[in-house]
Each structure stands twice: as C-alpha cells, then as structure tokens.
Amino acid sequence: MNSVEDRVHAAMSAAADLAAREIHSAPPLRLPSEPAVGARHRHAPRRWIRWAAPLAAAVVVVALAIALVLIKDIQNGRVVPSSTAAPAGPGGVPRYYVALKRFAGNVDDYTQQNGIVVGDSVTGKTLATFAPPARTTFESVTAAADDRTFVVFAVTSSSGSFDVRAKATLTGSWYEVRLAPGTADPARVTLP
Amino acid sequence: MDFLDNDTSLRSGPRPKADEGVTELYAAHAVGLIRLGFVMLGDRAAAEDVVQDAFLGLYRHWDRLSDPFTPLTYVRSSVLNGCRAALRNRARRDRRDRTAARDGWPPFDSAEAAVLLSQEHQEVLSAVRKLAHRQREVLMLRYYLGLSTDETARVMGISTGTVKSATSRAIAALGRTLKEES
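Just so you know, the sequences run in chain order A and B. Each residue of the first sequence is one higher than the last, beginning at 0 in numbering that gives the first Met the number 0. Each residue of the second sequence is one higher than the last, beginning at 0 in numbering that gives the first Met the number 0.
These are computed hints drawn from the structure, not numbers from a lab. Be aware that a few hints might be false.
To be verified - Taking CB as the label site, the calculated pair distances span:
| hint | chain 1 | residue 1 | chain 2 | residue 2 | range |
| --- | --- | --- | --- | --- | --- |
| 1 | A | A19 | B | D62 | 31 to 37 Å |
| 2 | B | R92 | A | S12 | 29 to 35 Å |
| 3 | A | A66 | B | T161 | 52 to 58 Å |
| 4 | B | D42 | A | S12 | 17 to 23 Å |
| 5 | B | H132 | A | S24 | 26 to 32 Å |
| 6 | B | D149 | A | R20 | 28 to 34 Å |
| 7 | B | K129 | A | G159 | 52 to 58 Å |
| 8 | A | A66 | B | R91 | 37 to 43 Å |
| 9 | B | A26 | A | S12 | 20 to 26 Å |
| 10 | B | G174 | A | S12 | 16 to 22 Å |
| 11 | B | D42 | A | A52 | 33 to 39 Å |
| 12 | B | H132 | A | V68 | 31 to 37 Å |
| 13 | A | A64 | B | K129 | 53 to 59 Å |
| 14 | B | S158 | A | V68 | 56 to 62 Å |
Even for Gly, the Cβ is constructed at its ideal location relative to N, Cα and C.
Hey, can you work out the whole structure from these sequences and the hints?
Quick look at the structure:
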C-alpha cells in the first residue's frame, strides 16, 4: 500500500490531467480602459470618501433637528396653545389623572383585567371608575396637555387569557376618556 | 532576479508597465490558474471569473507590489482567496436554499471523471475536499501546483512552520478518512 502522500500525489496528478483535458485556453484578459493609477492618486478620493460620509450624516442630523423644531412649533404652539391647559395642582402636578387599577383576574395566570380610575389630585377624591369590557384589559394611559383628555389603550383576548404565548387572538383598541369635572357626568369613556 | 517570478520564461530586469506586465503574466499563467480554480471549484466559468478578478487586482495594485511579494505570488494568493470566497458563498447559498450538502467534488463525480479517474483517485480527492480550507489549500499548493514550503507560505501569507504543520495534519486527517472508508 502506498503512503497517503503518494496517494495524494497520484490523485492530484490525475486531477491535473482531467483539468488539462477540460481547459485548453484562457479567455481574453479584460483590463479597465484607464491605466492603473498610482497610490498617490488613488488615495485622494478615498480620503475624501472617509470624511464625506460622516459629514453627510451630520448634515442629515442637523436637517432633521431643524425639521423637528419646526414641526414641534406648528403642533404645540399653534394647534394646542399652552394657555388652554388646565390649572395645575400642587407642585405643578396636573389636577386630574387617569390611572389603571386591577379589576379582576390574576397576573400569574395572565387573566388580570385592569379598569380605569379617574381622580382629582387636589382633593384626592375618585371621580369615576370604569370596569373593562368582557375579556378586555386596559394597558396604558396617555394624557393630552389640556388635562381633560386621555387616551387609554386596551387589549381584548379571544379566550380571556392575555398570555402572548397562548393561541388566543389579542386585539388592541383605543378609548378616549373625556373629563368634565363639576358636572353630573364628570368622566366619559368612548371609542374614538 | 526576474521581476515577475523565478519562472525563466519571463523577462528579467526592470519592472514593466502595469498593462504589459499583467498581460505577460496572464499569457504565461492564466490557463494553469484557471485549471487550479476549476479543480477547487468544479466550475469552469467560476474559475475564469476568479482568475480574471485576480489579474484585475494585480493590475490595480501593480505600483504597490514589492519584492518578495512578486506578481505571480500575488495572483496565486488572489485565486486562492477568490476560490475560498466562492466556496463560502456557495455553501451559504446551499444553506439558504436548503440544498442538500454536496457529496461529490463536481469535476470528479461526473461521468467523464468516472472514466478518467480511478476509484482510488476519486476517494482521495473526495477526502481532500472534506478537509478544513487551510489544509485543503496547502495540499493544493504543495501537491497540485508543486510549490515548495516557502512558496506555499508566501502565497498563503503564513509561516513555513504553519505550512508544515498544516500539511502534516492534512495528511494525517486524510489517512484517517481513507482508512475509515476502505
């Protein structure tokens, strides 16, 4: 038996014969039409490219910042003037708040349902409490600048379980909470 | 010393211009390098592309080449790198397309190869194909191109000691594989 090296030699030689039978010539060499440039000329554009990319990124960031300032000015300065905001409570805390409160179920088995509580931060009184719809839990609250309008995000489960790994279908929806303190109906929840 | 290489068929003396030097080197070595690429890739068109890219790279880097990194060493190294990249891309594409792993080595599992190559040669080449890429490349350079340890080290950009150890490990791995298959 030949050594492994001899066998490799023989196999490589056979492979070379096979390649030689297959390939007799090379296609024409395709060189670029312009002559090869020296290192000095080649480096100049590369240096330019190196700082052009960060510069372009900086320009984009500045443009974005300016655009954001302009948009912010339009939305908050004109559409929702600050003068319409409700008077703040003690320490600048908004007078009225909307919070989530456990209503039923258990967090451990993903069945907990949260309701909504509307309160007065000055008097500490609860103005209204809302139970969640069937198989629904309120998940988050967002307040508008006027301290009278709140938006609540709710999730409804087809099975009543809010476990994302379960096969239940979860559907999100938004509710609007409008406050009218001092009236017979101090808080009203509607689907926007 | 020859500028292009120690191949005596090539001119000696001062460095030629890029287009002249590259064209001359291509005429002398392109076919051999395409055959090397063909053996490694099993695809003639892919091998021609790899060799074309290697010579294009040489043309672009011509002014920056310095001895002992001769032009022929440069293109051999480029062809080796190009083949490695092509094999890597092919493996990635096979994984993405969920293509079954290739059992054979394309040029050597064809009907023509079955006629020209003995069963023994096909077994050895198949075992070479299964080696780690560095071991496979060392064997290709040492046993297919017939390069010395020093030349192989220059082409692969590794030390001669690493070439020797990779060769030794490759032969040992081949011995084990061939023994298992026999």
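Contradicted hints - numbers only: Of the numbered hints given earlier, the structure breaks just one, which is hint 12.
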